[in-house]
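K.L.:
Guided by the hints, dock chain B onto chain A, whose structure is given.
There are 2 protein chains.
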Amino acid sequence: MAKTQQPFRGRIAVIGAGALGIFYGAKLFRAGFDVHFYVRTGYELVREEGYRIRSCDGDFQISPPTYDHPTKIGPCDLVLVGLKTFANKHLPRLLSPLCTQQTVVLTLQNGLGNEEAIASALVEIGIASDFNAAAQQVIGGTAFLCSNRVRPNEILHSAHGFVRIAEFLGPPQERTHAIAAMFCASGVDCQVRESVAAIRWEKLVWNIPFNGLGVAACHADTAAILGDSELRREAIALMSEVVAAARADKVTIAPNLPDDLIAKTMSMGAYKSSMQIDYEEKRPLEVEAILGEPVRRARRAGIAVPKMEMLYAIVRRMDELNRETSQDKTRV
Amino acid sequence: MAKTQQPFRGRIAVIGAGALGIFYGAKLFRAGFDVHFYVRTGYELVREEGYRIRSCDGDFQISPPTYDHPTKIGPCDLVLVGLKTFANKHLPRLLSPLCTQQTVVLTLQNGLGNEEAIASALVEIGIASDFNAAAQQVIGGTAFLCSNRVRPNEILHSAHGFVRIAEFLGPPQERTHAIAAMFCASGVDCQVRESVAAIRWEKLVWNIPFNGLGVAACHADTAAILGDSELRREAIALMSEVVAAARADKVTIAPNLPDDLIAKTMSMGAYKSSMQIDYEEKRPLEVEAILGEPVRRARRAGIAVPKMEMLYAIVRRMDELNRETSQDKTRV
Numbered sequence: 001m002a003k004t005q006q007p008f009r010g011r012i013a014v015i016g017a018g019a020l021g022i023f024y025g026a027k028l029f030r031a032g033f034d035v036h037f038y039v040r041t042g043y044e045l046v047r048e049e050g051y052r053i054r055s056c057d058g059d060f061q062i063s064p065p066t067y068d069h070p071t072k073i074g075p076c077d078l079v080l081v082g083l084k085t086f087a088n089k090h091l092p093r094l095l096s097p098l099c100t101q102q103t104v105v106l107t108l109q110n111g112l113g114n115e116e117a118i119a120s121a122l123v124e125i126g127i128a129s130d131f132n133a134a135a136q137q138v139i140g141g142t143a144f145l146c147s148n149r150v151r152p153n154e155i156l157h158s159a160h161g162f163v164r165i166a167e168f169l170g171p172p173q174e175r176t177h178a179i180a181a182m183f184c185a186s187g188v189d190c191q192v193r194e195s196v197a198a199i200r201w202e203k204l205v206w207n208i209p210f211n212g213l214g215v216a217a218c219h220a221d222t223a224a225i226l227g228d229s230e231l232r233r234e235a236i237a238l239m240s241e242v243v244a245a246a247r248a249d250k251v252t253i254a255p256n257l258p259d260d261l262i263a264k265t266m267s268m269g270a271y272k273s274s275m276q277i278d279y280e281e282k283r284p285l286e287v288e289a290i291l292g293e294p295v296r297r298a299r300r301a302g303i304a305v306p307k308m309e310m311l312y313a314i315v316r317r318m319d320e321l322n323r324e325t326s327q328d329k330t331r332v
Numbered sequence: 333m334a335k336t337q338q339p340f341r342g343r344i345a346v347i348g349a350g351a352l353g354i355f356y357g358a359k360l361f362r363a364g365f366d367v368h369f370y371v372r373t374g375y376e377l378v379r380e381e382g383y384r385i386r387s388c389d390g391d392f393q394i395s396p397p398t399y400d401h402p403t404k405i406g407p408c409d410l411v412l413v414g415l416k417t418f419a420n421k422h423l424p425r426l427l428s429p430l431c432t433q434q435t436v437v438l439t440l441q442n443g444l445g446n447e448e449a450i451a452s453a454l455v456e457i458g459i460a461s462d463f464n465a466a467a468q469q470v471i472g473g474t475a476f477l478c479s480n481r482v483r484p485n486e487i488l489h490s491a492h493g494f495v496r497i498a499e500f501l502g503p504p505q506e507r508t509h510a511i512a513a514m515f516c517a518s519g520v521d522c523q524v525r526e527s528v529a530a531i532r533w534e535k536l537v538w539n540i541p542f543n544g545l546g547v548a549a550c551h552a553d554t555a556a557i558l559g560d561s562e563l564r565r566e567a568i569a570l571m572s573e574v575v576a577a578a579r580a581d582k583v584t585i586a587p588n589l590p591d592d593l594i595a596k597t598m599s600m601g602a603y604k605s606s607m608q609i610d611y612e613e614k615r616p617l618e619v620e621a622i623l624g625e626p627v628r629r630a631r632r633a634g635i636a637v638p639k640m641e642m643l644y645a646i647v648r649r650m651d652e653l654n655r656e657t658s659q660d661k662t663r664v
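Residue numbers (this note's numbering), protein chains in the order written: chain A, 1 to 332; chain B, 333 to 664.
Don't read these hints as lab results, they were simulated from the structure.
Please note: incorrect hints may appear among the correct ones.
[Claimed, not checked] Which chain B residues face chain A? A few, computed with CB under 7 Å, are given here: (1) 566; (2) 601; (3) 650.
[Claimed, not checked] So the derived list for chain A, only partly shown, Cβ under 7 Å to chain B, looks like this: (4) 198; (5) 217; (6) 218; (7) 228; (8) 230; (9) 310; (10) 316; (11) 317.
[Said to hold, decoys possible] Have a look at the derived ranges for each label pair, beta carbon to beta carbon: (12) B:390 to A:320: 37 to 45 Å; (13) B:432 to A:299: 56 to 64 Å; (14) A:320 to B:599: 19 to 27 Å; (15) A:159 to B:614: 29 to 37 Å; (16) B:503 to A:244: 42 to 50 Å; (17) A:244 to B:596: 30 to 38 Å; (18) A:270 to B:614: 20 to 28 Å; (19) B:599 to A:301: 35 to 43 Å.
The C-beta atom is built at its ideal place from N, Cα and C for all residues, glycine as well.
Just chain A, same shape as in the assembly (with noise of 0.2 Å):
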């Protein structure tokens, strides 16, 4: 937690404005930072309306700027990327507009890889000169958080909201800080942390059994997976790989997080994953982030994890096939 800081200050955009962009996005807002949403779905009603933030901290509604195109933005001091993974291909031309070398990028995407992409965007569009120097942009960040997009400007927020942040090279700056610092002014809990590996396989640990079972067994919220004694057991097993797997990335899990995270699911009742809704919803899933790239990292550490991978080419395949009977829903 930032003690003394003052809190960033500086033109902030947001992109990927869902369930996860807006909730932030419109915390930020409220609490007088300097927020610009670039709108992709609904730009109209959210133009007239606003966003209406369901909240069980407190409903809230705002009406922040909103633009029909990054361009119209311009370059900002902070991008806040709540994207879902899946649409990274979009990030040179959603970036470009907005980044100049001083332009810190903080990502709260789910899964591995991201912070990378952005780097590698931000190398794409001449921003940075290399990949090292582009990644110095870059900041990790882990949201907890339960809300779903009921309509095209209104969030359902029904628990959590917390955040974890890390330089994605180095350790913790001034800026770090500072950003930690905005976000506590707003009402988020945000804590400094010193490895962004670390935060991204400590949210792996939950988000690869429960995402992933949630798809693989057949439409399974948390209530089912826990309440069903094979998949209870492969859950606890999926953990088991999830932080053998992270000790191969030098990442060392707490050993009681499994445990911790299974009560503190149990007592959230029947909850639906991120992946569950939105393969029930016919989007496309964040299968790589959250289940290939966890895989692929574990195979070139030598490290056995036969259940991931399981749930891996199962989850693959069950994506394909919806994206087949869906529209594209990709575009950004």
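P.N.:
This is chain B only, laid out in the frame that chain A set:
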């Protein structure tokens, strides 16, 4: 292959006259053996029109003696069991009117646990004094058959059909060879083998990956599995797990069997496993015989079968949901 052996002669009942029971019963009946069918589905139709076999080896029709209740068949010398394994709970009721202490019961069902279920049924109905005595009356068989029932009295036989049989207890006997000779005399290639465990596990090397993934990976026929790099990898890895589990059950699988099966399956084109078809037609799945019991045996032996466990947990759940949304079709 039985050589100079005389074929088995006696009264034969078929219970579980589905795609498998009809096929073998019809082959035997056509060759002049004394076969009696207990018909559950479409009794009137079968009684009027007989069975029609549309086969890659040549179409034929038979009008055999059919019965709407096993008591009307009465005691037999041989009972051929073609029930789906989830219907094994009905074995005591079905076998009771058909069996004496001299009756041999041959199961051509899938997976593990069927010989045990039959022996237990014989004890339960008072035919045998104990499990060991009952087990002497049981022969296990595996059928390599691609056939589907397309109408209540019509099956489509698209490929293969060979059978392997072995005494449940002890080495092959005169009767084992006589039964094999009966199949051979009916145009069904039948080998006598030394170990029922061996033929069961050998078949599971194919059945576990292709039945399991066929359901879990969302309507994946053999071509879909082998044409997807990750699913193909999982299928091969599952085969290795089955080989290891078999070894713990004192069965040595020929080292080239997995490769041979992959090559043979490639040549079959897009084939739907029986479990996939059952799932699509909203019938109960043979999940315990094909996945559950092998997983439990491996666990008891301390053999790691992580991918089989994952597949079992997923398919078990899918079966439960499938049953909830379908009528009860398990009545026999």
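K.L.:
Now, for every hint given, state plainly whether the structure supports it.
P.N.:
Verification of the supplied hints:
1. At about 5 Å, the closest approach between the beta carbon of residue 566 (chain B) and any beta carbon in chain A falls short of 7 Å, and the interface hint on this residue holds.
2. A least Cβ separation of about 19 Å between residue 601 (chain B) and chain A goes past the 7 Å threshold, and the interface hint is therefore violated.
3. Hint status for residue 650 (chain B): holds, given a least beta-carbon distance of 5 Å to chain A, under 7 Å.
4. Hint on residue 198 (chain A) is violated. Least Cβ distance to chain B is approximately 26 Å, over the 7 Å limit.
5. Look at residue 217 (chain A): its Cβ gets to within about 5 Å of chain B, closer than 7 Å, so that hint holds up.
6. Because the closest C-beta pair between residue 218 (chain A) and chain B is about 5 Å apart, less than 7 Å, the hint holds.
7. For residue 228 (chain A), the interface hint holds, the least distance from its beta-carbon to any beta-carbon of chain B being 6 Å, beneath 7 Å.
8. Residue-level restraint check for residue 230 (chain A) holds (minimum Cβ-Cβ distance to chain B is 4 Å; threshold 7 Å).
9. At its closest, the beta carbon of residue 310 (chain A) sits 5 Å from a beta carbon of chain B; the interface hint therefore holds under the 7 Å criterion.
10. Annotation: residue 316 (chain A) was flagged as interfacial toward chain B, and the flag holds, the nearest CB pair being 6 Å apart, inside 7 Å.
11. Below 7 Å, beta-carbon pairs count as interface contacts, and residue 317 (chain A) has one with chain B at about 5 Å; its hint therefore holds.
12. A beta carbon spacing of about 40 Å between residue 390 (chain B) and residue 320 (chain A) agrees with the range 37 to 45 Å that was offered as a hint.
13. The hinted range of 56 to 64 Å is satisfied by residue 432 (chain B) and residue 299 (chain A), whose Cβ atoms lie roughly 59 Å apart.
14. The given range of 19 to 27 Å is respected by residue 320 (chain A) and residue 599 (chain B), whose C-beta atoms sit roughly 25 Å from each other.
15. For the hinted restraint 29 to 37 Å between residue 159 (chain A) and residue 614 (chain B), the CB-CB distance of approximately 36 Å keeps it satisfied.
16. Separation of residue 503 (chain B) from residue 244 (chain A) is about 46 Å and conforms to the stated range, judged on CB atoms against 42 to 50 Å.
17. As the Cβ distance of residue 244 (chain A) to residue 596 (chain B) is approximately 36 Å, the hint placing it in 30 to 38 Å holds.
18. Here the CB-CB span from residue 270 (chain A) to residue 614 (chain B) is close to 25 Å, well matched to the stated 20 to 28 Å.
19. The hint said 35 to 43 Å for the Cβ distance between residue 599 (chain B) and residue 301 (chain A), and at roughly 37 Å that hint holds.
Consistency note: the structure conflicts with the earlier hints numbered 2, 4.
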